[in-house]
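Colleague: The sequence shown: position 172 = 171 (numbering that gives the first Met the number 0), numbered continuously.
These aren't lab readings, by the way, just hints derived from the structure by calculation.
One thing to keep in mind: the hints can contain errors.
Claimed, not checked - Subject to a maximum C-alpha distance of 27 Å in a straight line, what follows is the list of computed DSS-like cross-link-like pairs (lysine-lysine):
1) 221 / 243
2) 247 / 322
3) 82 / 230
4) 37 / 67
5) 243 / 189
6) 230 / 243
7) 82 / 67
8) 189 / 37
9) 243 / 322
10) 247 / 230
Quick caveat, the model's predicted, so the values are computed rather than measured.
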Amino acid sequence: MARERNKMRRRGQRDLSAAIQEWRYEVGIDEHGARLDKFLAQRIRWRSRRGIQDLIAEEGAVEILPGKDPQQATIGALRDSLKLRTGQEVVVRQPNPQPEQPEIIGADPGELEVVYEDEYLLAVNKPPHISVHPSRGHLTGSLIHLIHERHRALYGDTQDMPTLCHRLDRETSGVLLTAKDQVSRTRLGKQFESRSIDKTYLALVVGEIEGESGVMDQPLGKALGSEVRLKMGVREDGEGLPSKTEWKVARRLPGHTLVQLHPLTGRQHQLRVHLAALGHPILGDKLYLGDEQIFIRSVSEEGLTQADRDFLVLDRQALHNWKLVVDHPFTGERLELVAPLFQDIADHADALAADSAGA
0 MARERNKMRR
10 RGQRDLSAAI
20 QEWRYEVGID
30 EHGARLDKFL
40 AQRIRWRSRR
50 GIQDLIAEEG
60 AVEILPGKDP
70 QQATIGALRD
80 SLKLRTGQEV
90 VVRQPNPQPE
100 QPEIIGADPG
110 ELEVVYEDEY
120 LLAVNKPPHI
130 SVHPSRGHLT
140 GSLIHLIHER
150 HRALYGDTQD
160 MPTLCHRLDR
170 ETSGVLLTAK
180 DQVSRTRLGK
190 QFESRSIDKT
200 YLALVVGEIE
210 GESGVMDQPL
220 GKALGSEVRL
230 KMGVREDGEG
240 LPSKTEWKVA
250 RRLPGHTLVQ
260 LHPLTGRQHQ
270 LRVHLAALGH
280 PILGDKLYLG
290 DEQIFIRSVS
300 EEGLTQADRD
310 FLVLDRQALH
320 NWKLVVDHPF
330 TGERLELVAP
340 LFQDIADHAD
350 ALAADSAGA
């Protein structure tokens with residue numbers, strides 16, 4: 000099995016927990032005489048050709064060592080067109096963005112709630128208010144940073160670092176699955192693509208839903224006339240994509256309902272849009288609960304007003320990825336990965352119930 004994994008190995012996730020990330024590439028026989036920039040462009044595929052040239056020009060970012068070059072030839076000044084020799088070793092070093100202070104995750108700084116782990120997989124209960132991967136506005140402190148820090152602390156330097164198998168919105172909490180090697184990642188990726196993985200969410204919505212279960216199957220597409228480019232909406236003009244969500248009541252509360260959701264398709268914002276169209280938007284949803292100007296203010300320098308916060312009640316959308324059911328990439332065992340409802344939603348639901356009982 001280890002032989003199969005090594006045979007299928009691909010370039011994996013770089014270690015985002017390290018202050019400096021280093022890559023080493025040996026020049027092969029067929030690459031004798033290759034230009035330095037072309038040699039690196041074939042290996043560092045996450046940077047453009049221009050980005051590679053900027054990297055070469057950056058002091059200390061690229062180094063060439065004699066390595067196994069039989070003649071141990073003198074290496075000239077680094078430049079894009081430098082011709083490489085068989086046996087030389089090209090070293091690339093890049094700093095990873097590091098936070099000045101670690102972000103606080105829930106009540107315990109730096110702690111990750113693990114819901115499942117073995118040699119191949121790691122699943123955690125993602126907290127709200129944290130991006131799963133670095134983005135333009137959040138270069139540090141992402142969930143994958145924290146996972147890599149944990150992996151390094153437990154296992155030291157390893158050839159593979161955990162790789163994200165899927166994504167959750169910054170405000171959404173719940174099960175987040177990663178693979179510890181590229182064979183597992185590839186096999187899980189095929190399951191996600193074929194939609195053979197069962198996903199179940201919990202959402203605390205406004206209003207008391209009639210009935211105990213049902214299906215929402217309105218087609219979805221870009222919201223016409225919206226000022227927010229990413230906003231989606233129900234489309235009855237023939238331009239929407241088929242979208243289907245099964246739902247059932249998990250808990251009834253005064254003026255609210257905790258709903259269990261099973262998406263049968265994977266459209267952008269599907270659960271949020273379907274629930275809003277049903278007349279029961281998710282509590283705390285800045286984009287679909289009320290006036291979209293709330294969302295616009297939330298991402299602007301203006302920020303949310305106190306009236307906005309009072310209207311939203313919660314400081315994030317009350318959506319939680321409760322359960323993933325997947326086939327283990329090596330054993331084939333059907334795994335049920337469950338993340339307990341995150342505390343902010345659970346506490347608010349309990350407070351609603353308590354207020355009702357005390358009335």
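Colleague: Now tell me if each hint is right for this structure.
Modeller: Status of each hint after checking the structure:
no. : hint      : verdict
1   : 221 / 243 : holds (16 Å)
2   : 247 / 322 : holds (15 Å)
3   : 82 / 230  : violated (50 Å)
4   : 37 / 67   : holds (21 Å)
5   : 243 / 189 : holds (21 Å)
6   : 230 / 243 : holds (18 Å)
7   : 82 / 67   : holds (16 Å)
8   : 189 / 37  : violated (32 Å)
9   : 243 / 322 : holds (18 Å)
10  : 247 / 230 : holds (25 Å)
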